[in-house]
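Q: One-letter residues, chain by chain:
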Amino acid sequence: MFGYIIKRLLWIIPVLIGVSLILFGIMQMIPGDPASVLLGPKASQEAVETLNKRFGLEEPLHIQYYLLMKNFVTGRLESIYYKVEVIEIISQKLRATVELGLTALVIAVVLAIPIGILAAVKKNSVFDYFSMMLATLGISIPVFFTGILLIYIFSVIFNVLPSSGYGGPLWTKEGWAHLILPAFSLSSILIASTSRLTRSSMLEVLQEDFIRTARAKGVKEAVVVNKHAFKNAMIPVITNIGNQLAMLFGGAILTETVFAWPGIGRLAVKAVSYRDQPLVFGTILVLSFLYVVTNLIIDILYVFINPQISYS
Amino acid sequence: MKKRFIPLILLIVELYVLFQNWIVKGLFWGSLEIKLATSFSIIVLTFLLILVFKPGLFSFLKENEILYKSFKEFKKNKGGVAGTFMIFIILYLAFCAPFVAPYPPDAIDYANMSASAPTFKHLMGTDDFGRDILSRVIYGSRVALGVAFAAVFVNAFIGISLGLIAGFYGGKTDTIVMRVVETWNSIPFILLALAIIAALGKDIINVIIAVGLTGLINFARITRSAVLSIKEKEFVKAAKALGSSDYRVIRKHILPNVISPIIVIASLRVGQAILLVASLSFLGLGVQPPLSSWGTMLKRGQEYLIQAPWISLFSGFAIIITVMSFNLLGDALRDALDPKQIE
Chain A
1 MFGYIIKRLL WIIPVLIGVS LILFGIMQMI PGDPASVLLG PKASQEAVET
51 LNKRFGLEEP LHIQYYLLMK NFVTGRLESI YYKVEVIEII SQKLRATVEL
101 GLTALVIAVV LAIPIGILAA VKKNSVFDYF SMMLATLGIS IPVFFTGILL
151 IYIFSVIFNV LPSSGYGGPL WTKEGWAHLI LPAFSLSSIL IASTSRLTRS
201 SMLEVLQEDF IRTARAKGVK EAVVVNKHAF KNAMIPVITN IGNQLAMLFG
251 GAILTETVFA WPGIGRLAVK AVSYRDQPLV FGTILVLSFL YVVTNLIIDI
301 LYVFINPQIS YS
Chain B
1001 MKKRFIPLIL LIVELYVLFQ NWIVKGLFWG SLEIKLATSF SIIVLTFLLI
1051 LVFKPGLFSF LKENEILYKS FKEFKKNKGG VAGTFMIFII LYLAFCAPFV
1101 APYPPDAIDY ANMSASAPTF KHLMGTDDFG RDILSRVIYG SRVALGVAFA
1151 AVFVNAFIGI SLGLIAGFYG GKTDTIVMRV VETWNSIPFI LLALAIIAAL
1201 GKDIINVIIA VGLTGLINFA RITRSAVLSI KEKEFVKAAK ALGSSDYRVI
1251 RKHILPNVIS PIIVIASLRV GQAILLVASL SFLGLGVQPP LSSWGTMLKR
1301 GQEYLIQAPW ISLFSGFAII ITVMSFNLLG DALRDALDPK QIE
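Sequence order for the protein chains is A and B.
For the first sequence, position 221 matches number 221 in the working numbering, and the numbering has no gaps at all.
Convert by adding 1000 to the 1-based position in the second sequence; the result is the number in the working numbering.
Read the hints as simulated data drawn from the structure, not as lab findings.
Careful, some of the hints might be misleading.
To be verified - Covered stretches of chain B, going by a simulated chain A footprint (3 or more residues, C-beta under 8 Å):
#1 1063-1076
#2 1182-1188
#3 1198-1209
#4 1277-1283
As the list claims (entries may be wrong) - Rough simulated footprint, nothing fancy, chain A against chain B, three-plus residues with beta-carbon under 8 Å:
#5 1299-1305
#6 1322-1332
Even for Gly, the Cβ is constructed at its ideal location relative to N, Cα and C.
Chain B extracted, bound-state conformation:
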């Protein structure tokens, strides 16, 4: 029973939120934003219902021994579990922002113009335009996660492709690709991102490109070394002898074997990407003002640090909690997926 306690509380909270929004406010299927929030809520609701009433439904996953052992290893790490929990909550806030946030992010409260301190009406206070900080922090998670995930996707795609090419073809191709990647890496991330933004201009898509093009080296290196060690194995040689194309060998035999280190790197990289996006926004070169993002809020908050410290403090804490959750998850995954410990 104790195990079901937390899901049960979450389920009650979720039902309350849905009741308030779907039935009291009538927000069910309006704009794209609300459609997304509703779909995500339904998924969360189903998941919680299963956890509370039929927790045995996922037991077939236990039959896969490696997966089960990694999972048990993962559960031992308190930090990792806490991080995962936090990431779920942040994801929920990001998807269901219109359901959860008390006000729209750009609604101006004319009674509390020019930065009023936290009260019950505005739990985190308001900024210099009288906009609710809590709502802006919640909506900011969308920008942070959206841009970071997109950037890491670009990152992983290019990095893995380069690593595969270098490792699979070897020889001169390998040397050239890896040298280029190393030189690319010898420019610090922020500087490279700055140079890219200077060329392309300030825009949210350009931020994704800039962050996505930095830090390829970890993905490329890991993939390359994994390919090098797998390439000589019998099953790959057999597949080649049977006449499989290069593409098929890579997709069917090599990629599945490099997936776990890639997951670890990707989860650590999401944290870094969030930091980098926040940094660029803080410099005024990333996400531009009408959109609420944590970096731009911090930038404005610094100007009002004496009169209204809450603007920068709360958005800063949001960044820390999110980044720390991804770091904890990445560390725990690294420990859990380490093949040495699974044996």
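Just chain A, same shape as in the assembly:
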């Protein structure tokens, strides 16, 4: 099993190289002379030349890529707009994004799985219809609109929670108050799709023969659901959470913009609107890295949950 985990860990390296190559490739799509596009039409000849030299923009492509990666990893890649190292800005913003993402993930798991199980056990009840209707609605609502609705309800009408900004570290009351709305709106997509899938997966498992056997043996219904069915139903659900993480990290960009949350997502949007290529490269690479790593963690969790997987 450890061999499998190590293999999966090593798999990150080619994926990240692939991602950075793709981002590099996209940067090559800049029409015309990149240096003058990056610096704007009013840039002096001198500035264009310095930039060309710094990024090796006149070198062949593979050397350009090598220089970009080397500068990024050693922390010497500088943002054009902020004039600071990209790694430094990103590391300042990393904590806020990770806090937001993890809280949203926890909220989603804690809410969605019980809702799905309850809907499956009480199939065709009012609760089932109501929760599944909400779930269908939930996958169609854009995250930013959920955010705006939450702000409208809780900040404008009831005025109980702050509408935007970062309140401070998680252990303070202020920090929590600021985190609740963004985390909820970010988790909404994940809640919707996970509860739908939990329900259908539970329903499928509850029809299996071994459940009938357990019931026939006289096992209590609560034990049948919580022990026998739950573990088997969770396998596709966990796969789905892994797939939906992309939505979570993409959604982070929107949520951070709606709530003025000082994270990497908002930084990425700023970078794109200033066309600050080094910063775009850095932020998107780091966000993709986070996505790949969380996906990996879920893959490894999978090993513990699904006894049938082969580790070779």
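Use these hints to put chain B onto chain A, whose structure you have.
A: Leaving out everything else, chain B in the frame of chain A:
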């Protein structure tokens, strides 16, 4: 008679709209916008007339057994029927926007400047420039659907081509193509779209490119697996033995067999593409201001959330209804076209 009731009402509404526009306002064949609206109206009118007076005209379609069974399966799904109905209405609004919208999208009502609340004159209120929200929401459907359909077309074209290449040639080509597609997919959609827009600049065409290049993997995977299962069948081998070219085998024998899963994926993908375009516009990186799009309206609406919540609420509802219709349609199609159930 009960069956004809809904088409009859729709027909009366359509005739009223056409009477108002063609005869009262004299908008029949002016600019390109109105030509499009008129042509689309004529199509809708013919269709409704057939439905009301000669509903048996399409009965020859029932002879195709698979199609008929899928259709019957589809009709059982209430959500799918509702979704299809909504999509028709949204399409109608998009094509016939100049006929239906009460005002032009950028007309300023000087009496109701600076965001007035919904009244009978402006059913959804006005925005901070005094522009009618209802008209802007209706015109916004054009941008949303146009960009999304174009993006999904690009998506399907590239995805299917990659899947065909991978599945048909197999071996090393297969491994390389699928690995590239998987790595491509390991960047979340929005991030990839952002990177593309950062390189190309903000422009509606670039949004189509950016959204069209994300999410190829579903199309590629489905096509590839279908090709792999069909490739070994006798009829394909026979076609090859008869000397058909690769192109002919793909076009005549393989593509027709993968069309139904592709339709399902495409309809689900349209919903996602609408969301993605709205998200990019909301971030200020998609459709740019003079054009009315739902994402940009939401962005402006958030700034005026306290004084004028209707700006963001109505444009948000428009997004939800449209996306949900496509999701419902996709789900229903998936159930209806599932070959396991047709047997």
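Q: Against each hint, give a clear statement of whether it holds in the structure.
A: Cross-check of the supplied hints:
Here the region 1063-1076 of chain B counts 0 residues with a CB under 8 Å from a CB of chain A, which misses the bar of 3, and the coverage is violated. Chain A is given as covering the region 1182-1188 of chain B, and this holds because 5 residues of the stretch bring a CB closer than 8 Å to a CB of that chain, at least three being needed. With 5 residues having a Cβ less than 8 Å from any Cβ of chain A, the region 1198-1209 of chain B passes the three-residue criterion, so the hint holds. Under a criterion of three residues with beta carbons nearer than 8 Å to beta carbons of chain A, the stated coverage of the region 1277-1283 of chain B is upheld, 4 such residues being counted.
Here's how the region 1299-1305 of chain B fares: 3 of its residues keep a CB closer than 8 Å to some CB of chain A, so the rule of at least three is met and the hint holds. Interface restraint, the region 1322-1332 of chain B with chain A: holds (4 residues with C-beta to C-beta distance below 8 Å; minimum three).
In terms of the numbered hints stated before, the structure departs from hint 1 and from no other.
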